[in-house]
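*Asks:* Residue-level listing of the chains:
Protein chains: 2
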Amino acid sequence: MQPPLRIALCGLGNVGSGVAELLVRDAATLAERAGGPLLLTHVAIRDPQRMRDVSLGRAHLGTNALELAADPDIDIVVEVMGGLEPARSLLRTALLRGAHVVTANKELLARHGSELRAAAQQGKAGLHLEAAVAGGIPIVKVLAESLTGNRLQALMGIVNGTTNYILTRMTRSGLDFRAALAEAQQLGYAEADPSADVDGHDAASKLAILAALAFDAEVDAAAVHREGIGAITAVDIAAAAELGHVIKLLAIARPHAAGLELRVAPTMVPMDHPLAAVNDAYNAVFVHGDAVGDLMLYGRGAGRLPTASAVVADIVDAAQAIRRGAGGRLFAAARPMPVLPLADVVSRYYFSIWVADQPGALGAITTVLGRHGVSVESMIQKGRRQQPVDLVFVTHSARESQVRAALAEIAGLAQVARVAQVIRVEGGE
Amino acid sequence: MQPPLRIALCGLGNVGSGVAELLVRDAATLAERAGGPLLLTHVAIRDPQRMRDVSLGRAHLGTNALELAADPDIDIVVEVMGGLEPARSLLRTALLRGAHVVTANKELLARHGSELRAAAQQGKAGLHLEAAVAGGIPIVKVLAESLTGNRLQALMGIVNGTTNYILTRMTRSGLDFRAALAEAQQLGYAEADPSADVDGHDAASKLAILAALAFDAEVDAAAVHREGIGAITAVDIAAAAELGHVIKLLAIARPHAAGLELRVAPTMVPMDHPLAAVNDAYNAVFVHGDAVGDLMLYGRGAGRLPTASAVVADIVDAAQAIRRGAGGRLFAAARPMPVLPLADVVSRYYFSIWVADQPGALGAITTVLGRHGVSVESMIQKGRRQQPVDLVFVTHSARESQVRAALAEIAGLAQVARVAQVIRVEGGE
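Protein chains in written order, with this note's numbering: chain A, 1 to 429; chain B, 1 to 429.
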């Protein structure tokens, strides 16, 4: 029998306690899968007063995370503390000494991912980050290892469970945004301050990590164009349904010669697209590769045990590499890549326009659209209880700048009361 | 720059030519992802007269696959010839000399998977088999590497594109089986002799490989209970829809204390289950793990480039291991595991019974069901153009032996013309 590998767990919150539970409970099976025993020798927590009720086997409990990172007797350092510091220093230290490091820290990777990759290369260390994005869904491994024979042409993800729950409730029960959010808060799916989820910040961080892996690019989460779901109304959801679509908060990345398209926004998806069947708090990532075609992974994007499942898989991967005498997996170099300006994004568009119900309105609007090169795929005129009426358009593929210019001009037409909504449409044509 | 790794490609059919295309076309990117150049040095084909129009770079073309397998100068042996021999000897030879081997050979792995795993262990070699099951869907890696922190409780797959295409056409357009099959044959989705697909043999082979990986078990494809889709009628599809279900050919594996449940059969799935949205020739594998919860992978389960995508990912994995000085990934030992007899399978059941339209029939049937411990969840009485009428039942979970005993007795009732159909129901309750 091989001597055990020594694991230090830094952080014992929600995910950390799940990791400890699995390591202790399934020690025998994990030993077999990892080619030898995995021993949880140390656990570092911030506040020993706030100790959780979780079995740690024979692990030492302390507050010395940074010392553990530097300790050459620790084979695998697991960082599940979250936050930027001391996590960043801890990971750098461990990587530079050549240790295998497992992290679930989304914020840190979205912000300092390139730095950590460089530290891993320098230390010939293993940087394992499956748990940092999309919880239990093994999208990191699939992007980094299973799609190497592809030129990826698109990545589209539902990567925030809170907003997907809210949109699912709005779709299935006709709730408006406020009511669905309140329900999500009651169920613990949404925070008291829901802006990180609802405004798309969380999804943007995840998209930055996924796009970096998918396109071997340096990606800054701050460069992701971001629109939240707060402006989506029950009327929009109903109009989408009438058009055979559902509205999802999609995180989209596509490579173009001019740069990387990066955006998080509520988006209409045809009902027969696989992403349309992703409901409740589930997540999914859909990719299109030139060889593999369409591929989608679906599962729990958050939660204690799903995320712990990803951490433990990374620990076993690290152990396998150590047992086989190998360092970390070699990364392709991340290239700096310009971000495609939003104005240059090409998409189909849905928009609704409130007009005075007069025959000239439709003609005036389509004239403006035509002049800006925006071609209409379908139009629905919806009677409303009172004036004005609602004209709903779906366009063929058009450039964002052209659509925005056309809509600005349309908003100024005498016959038009208001451009009420603009939502991009993906996954068709 | 690292010296190139030398690759021998054995087989240049549909998949093999796709692999050659990707290796030659994407040489620069692949070198980066693999930590150094990958050089296609040899291609072995059976019949040099039937040479394909594919660029092989500077590779030598020959008929000496077995020699290449034994050649210590070849770093990675890729077997995409199919069939049992000489593929089996070739893989054994390469593994026993410690080479990394990539194979897309489903039949061989379903039949001799344990032997090949043992050869890989003995030679400290790498056995890479992503392409052998579910084409471009990276389910092998996910089962073997991403779910190691889980006790898997169920695996349910749509793993045959032909039957999924036929069932999708029957569902969407009301075609009967014969018409949908004829259409699939015209489109090249189904063979002239469609029995390997339609009778579930292909799905059973894939299930054997997936179950072996998911449960670290020795699994023989011949032990899989198998029912084809030939007996599914347009009436069954319509009844399923009325009950909020669709019919899919599911390959199911579940571990029980008494043995491994293994079956391929047309099965009803609720419309809001992720497997229900898998249409046309697409495949998907759904698993439930105790930590990760529900997880599904969706994509192209067959085809030249999707399968080549999986082969190339395995080649890059092998190259990464070689570059990092490592042997193959260590497998957990496969355990012999008894197969659960079909009689002991527990499921929900749909069945339709044709009865003379007399008041006593329903009472007599439910009495028999009750006596056999089969509890009814819902019942629909369907008028038919003429007598007899059709009674449709869905049961709560029940044991196959009890259901079959009850139905045998029901078929003998004076009021009953015929037990017309029995289909298991999964994914609800």
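Bear in mind the hints are in silico, worked out from the structure with no lab data behind them. Be a bit skeptical, because a hint or two may be false.
To be verified - Quick list of in silico lysine to any residue cross-link-like pairs, SDA-like style, CA-CA up to 20 Å:
| hint | chain 1 | residue 1 | chain 2 | residue 2 |
| --- | --- | --- | --- | --- |
| 1 | A | K124 | A | R329 |
| 2 | A | K382 | A | S397 |
| 3 | A | K124 | B | R323 |
| 4 | A | K124 | A | R324 |
| 5 | A | K124 | B | G35 |
| 6 | A | K124 | B | L243 |
| 7 | A | K106 | A | A144 |
| 8 | A | K106 | A | R226 |
| 9 | B | K382 | B | D294 |
| 10 | A | K124 | B | A27 |
| 11 | A | K106 | A | R323 |
| 12 | A | K124 | B | A326 |
| 13 | B | K124 | A | R323 |
| 14 | B | K124 | A | N64 |
| 15 | A | K124 | B | G327 |
Claimed, not checked - Residues from chain B shown here face chain A by an in silico Cβ test under 10 Å; the list is partial:
| hint | residue |
| --- | --- |
| 16 | R46 |
| 17 | P48 |
| 18 | I137 |
| 19 | L305 |
| 20 | R329 |
Unchecked claim - Covered by chain A, per the in silico footprint, the following chain B stretches (three or more residues, Cβ under 8 Å):
| hint | region |
| --- | --- |
| 21 | 29–36 |
| 22 | 283–295 |
| 23 | 306–314 |
Even glycine gets a Cβ: it sits at the ideal position worked out from N, Cα and C.
*Asks:* Give me the numbers of the hints this structure contradicts, sorted from smallest to largest.
*Replies:* 2, 6, 9, 10, 11, 14, 16 and 17
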